[in-house]
Amino acid sequence: MLELKDISYSVRDEVHGKRQAILDHVNLTFDDAAISVITGPNGSGKSTLIKILMGFEKPTTGRILFNGEDITALSVTERARKGFTIAFQQPVRFKGITVKKLLEIACGKKMDTEGMCDCLSSVGLCARNYIDRTVDGTLSGGELKRIELATAIAKGGDVYLLDEPEAGIDLWSFEDLVKIFDRLRDKTVIIVSHQQRILDTADKIVLFDNDKLISAGRKEEMFEKLSQRPALCWRNIKENEYGQNG
Amino acid sequence: MDKTDEALLDTIADLHGIPEGSFNIRKNGKLLARNSGTDIEIVSKTDKDGIDIIVKPNVKNKSVHIPVLLTVGDFRDTVYNDFYIGENADVTIIAGCGIHNDACGDAEHDGIHSFYLSKNAKVRYVEKHYASGSGSGKKVFDPVTKIYLKENSCFILESTQLGGVTYTNRKTVASVGKNAQLLVKEKILTDGEERAATDFKIRLNGKNSRADVVSRSVAKGKSLQKFQSDLIGKNECFGHVECDGIVLNDARIISTPKIDAVSPEASLVHEAAVGKIAGEQLLKLMSLGLTEQEAENTVIQGFLN
Ligand SMILES: Nc1ncnc2c1ncn2[C@@H]1O[C@H](COP(=O)(O)OP(=O)(O)O)[C@@H](O)[C@H]1O
Ligand SMILES: [Mg+2]
Numbered sequence: 001m002l003e004l005k006d007i008s009y010s011v012r013d014e015v016h017g018k019r020q021a022i023l024d025h026v027n028l029t030f031d032d033a034a035i036s037v038i039t040g041p042n043g044s045g046k047s048t049l050i051k052i053l054m055g056f057e058k059p060t061t062g063r064i065l066f067n068g069e070d071i072t073a074l075s076v077t078e079r080a081r082k083g084f085t086i087a088f089q090q091p092v093r094f095k096g097i098t099v100k101k102l103l104e105i106a107c108g109k110k111m112d113t114e115g116m117c118d119c120l121s122s123v124g125l126c127a128r129n130y131i132d133r134t135v136d137g138t139l140s141g142g143e144l145k146r147i148e149l150a151t152a153i154a155k156g157g158d159v160y161l162l163d164e165p166e167a168g169i170d171l172w173s174f175e176d177l178v179k180i181f182d183r184l185r186d187k188t189v190i191i192v193s194h195q196q197r198i199l200d201t202a203d204k205i206v207l208f209d210n211d212k213l214i215s216a217g218r219k220e221e222m223f224e225k226l227s228q229r230p231a232l233c234w235r236n237i238k239e240n241e242y243g244q245n246g
Numbered sequence: 247m248d249k250t251d252e253a254l255l256d257t258i259a260d261l262h263g264i265p266e267g268s269f270n271i272r273k274n275g276k277l278l279a280r281n282s283g284t285d286i287e288i289v290s291k292t293d294k295d296g297i298d299i300i301v302k303p304n305v306k307n308k309s310v311h312i313p314v315l316l317t318v319g320d321f322r323d324t325v326y327n328d329f330y331i332g333e334n335a336d337v338t339i340i341a342g343c344g345i346h347n348d349a350c351g352d353a354e355h356d357g358i359h360s361f362y363l364s365k366n367a368k369v370r371y372v373e374k375h376y377a378s379g380s381g382s383g384k385k386v387f388d389p390v391t392k393i394y395l396k397e398n399s400c401f402i403l404e405s406t407q408l409g410g411v412t413y414t415n416r417k418t419v420a421s422v423g424k425n426a427q428l429l430v431k432e433k434i435l436t437d438g439e440e441r442a443a444t445d446f447k448i449r450l451n452g453k454n455s456r457a458d459v460v461s462r463s464v465a466k467g468k469s470l471q472k473f474q475s476d477l478i479g480k481n482e483c484f485g486h487v488e489c490d491g492i493v494l495n496d497a498r499i500i501s502t503p504k505i506d507a508v509s510p511e512a513s514l515v516h517e518a519a520v521g522k523i524a525g526e527q528l529l530k531l532m533s534l535g536l537t538e539q540e541a542e543n544t545v546i547q548g549f550l551n
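Residue numbers (the working numbering), protein chains in the order written: chain A, 1 to 246; chain B, 247 to 551.
Some hints here could point you the wrong way.
[What the hints assert, rightly or not] Mimicking SDA-like on lysine to any residue, the simulated pairs with C-alpha atoms at most 25 Å apart in a straight line are: (1) A:Lys225 - A:Gly156; (2) A:Lys101 - B:Lys384; (3) A:Lys95 - B:Arg498; (4) A:Lys110 - B:Gly275; (5) A:Lys100 - B:Glu538; (6) A:Lys95 - B:Gly525; (7) B:Lys276 - B:Ile402; (8) B:Lys384 - B:Gly525.
By construction, these hints were calculated from the structure, which means they are not laboratory data.
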């Protein structure tokens, strides 16, 4: 179980010099063997929360507990080794590092072709065409995004933090994406997403709002809440919801 | 040949013992071993130190090794090598130089190399510079490379300097003819108090001539690197120069590009980026379980790959 206790995060506003709260006393629990989807408008702090969980940023206040252990002070490397695995919203590019090398770093050992095939085919890529490519601007946004997910799969772990995994991935591979989540059902999976199809896979939905009020609950009860919100940013969720059901 | 020689040969020329085919191994200013063939002939110069390497027309898929070893201090070795590549030939030339200096006097190797490529000739020229040794004496390379490319010829220059060289000042001059191509891949790593300067002057003379220079450098410690390029387009041509540098600690990289489209049909591009390793690259690798130091090494290794 992963618990956030009274987590706040603020940054200094570049223009006004004042402190600006991005996360304000957040309390949340993520259960084992459950998929939680975080949704909410752009700029509401979803990615910030993911970064705090992975240790990229330290919270201004509050604690993070993993199976009861306080991990707030642990470094990124320590969290990675404890089983935290992240897929970035915007994949990082590297000059001269091949897909093969990155997958090997992720899984911590040399990988045979079969192992690489497994990882890459689960994100809809053919290993033969990709292992020797460098993870840089010569790959398209969608390809980089899939490779990002493949490295997360190659690494393995107990807590998966997937930040907008669907961004840049075409509709055809949506099914593959959902299959990946299904394979992770026995883990603690936290996905940031705006997509109805991904929200549908959730056990739990966490809703971020601009005024930083956060609500969380079972999928069914949160869908109810979402469909009542008039705000523009929920339109695609609502439309999808009504489009499919009525 | 002793253990030091063998280790140096392995590092600079991937050589384990005496190579096959044509070769010329020079040690401390003297000829150590040579094999001159009929396809690729190696002849000592009579007026100054150095050799002529003559590749006959139509010789394909052959290689020639011309490594140089310097294992004493207080020694300055200047050598003039001229390469004449016949029409339609396609060869690889491996020309590393290794200095091992345990003395307090300086050891310096200056290779003055000129390449004359005939029509349709192709050369891949691989040059590694490496230095080791515990003495306080400097380890210096000041190579000059001159490249003359006739119609349809192609020259690939792969130069690598990955450590131990106290001071280097490299000059590369090229004149590229009609439909000819020059491709340069340069990699330089400096550390401590090392200094490295590299200077390209490329003239694209012929119609449809082409030059592509990619320089990747990593500067650590208090080292200083200077990159200079001067690309001149005198005809309908394409030229691209890219200088990419990573600086760590208190190191510095200075990049000075110059492009001059003398002909309005010339298309010349220069790109340069110098800076620290991007924080997100380190974070990504650390999130895969690497320590910060391992992440840094991985980024640098890939970059200089
Ligand atoms: N280091 C930072 N400095 C200043 N502002 C930041 C920083 N990190 C995030 N923010 C701001 O915090 C807000 C939340 O960002 P983010 O977590 O990326 O939102 P989301 O992922 O929900 O779109 C945004 O307004 C963003 O501009
Ligand atoms: Mg985000």
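Status of the hints after comparison with the structure:
With a C-alpha separation of about 34 Å, the suggested pairing of Lys225 (chain A) with Gly156 (chain A) is violated against the 25 Å cut-off. This hinted pair does not check out: Lys101 (chain A) and Lys384 (chain B) have alpha carbons roughly 37 Å apart, beyond 25 Å. The hinted pair formed by Lys95 (chain A) and Arg498 (chain B) meets the criterion: a straight-line CA distance of about 20 Å does not exceed 25 Å. Taking the CA atoms of Lys110 (chain A) and Gly275 (chain B), the gap is about 44 Å. The hint is violated against a cut of 25 Å.
With a CA separation close to 21 Å, the supplied pair Lys100 (chain A) and Glu538 (chain B) stays within the 25 Å bound. Between the alpha carbons of Lys95 (chain A) and Gly525 (chain B) the distance comes to roughly 14 Å, so the proposed pair stays at or under 25 Å and holds. Taking the CA atoms of Lys276 (chain B) and Ile402 (chain B), the gap is near 28 Å; set against the 25 Å cutoff, the hint is violated. At most 25 Å may separate the alpha-carbon atoms for a hinted pair to count; Lys384 (chain B) and Gly525 (chain B) exceed this at roughly 35 Å.
In this structure, the earlier hints numbered 1, 2, 4, 7, 8 are contradicted, and the remaining ones agree with it.
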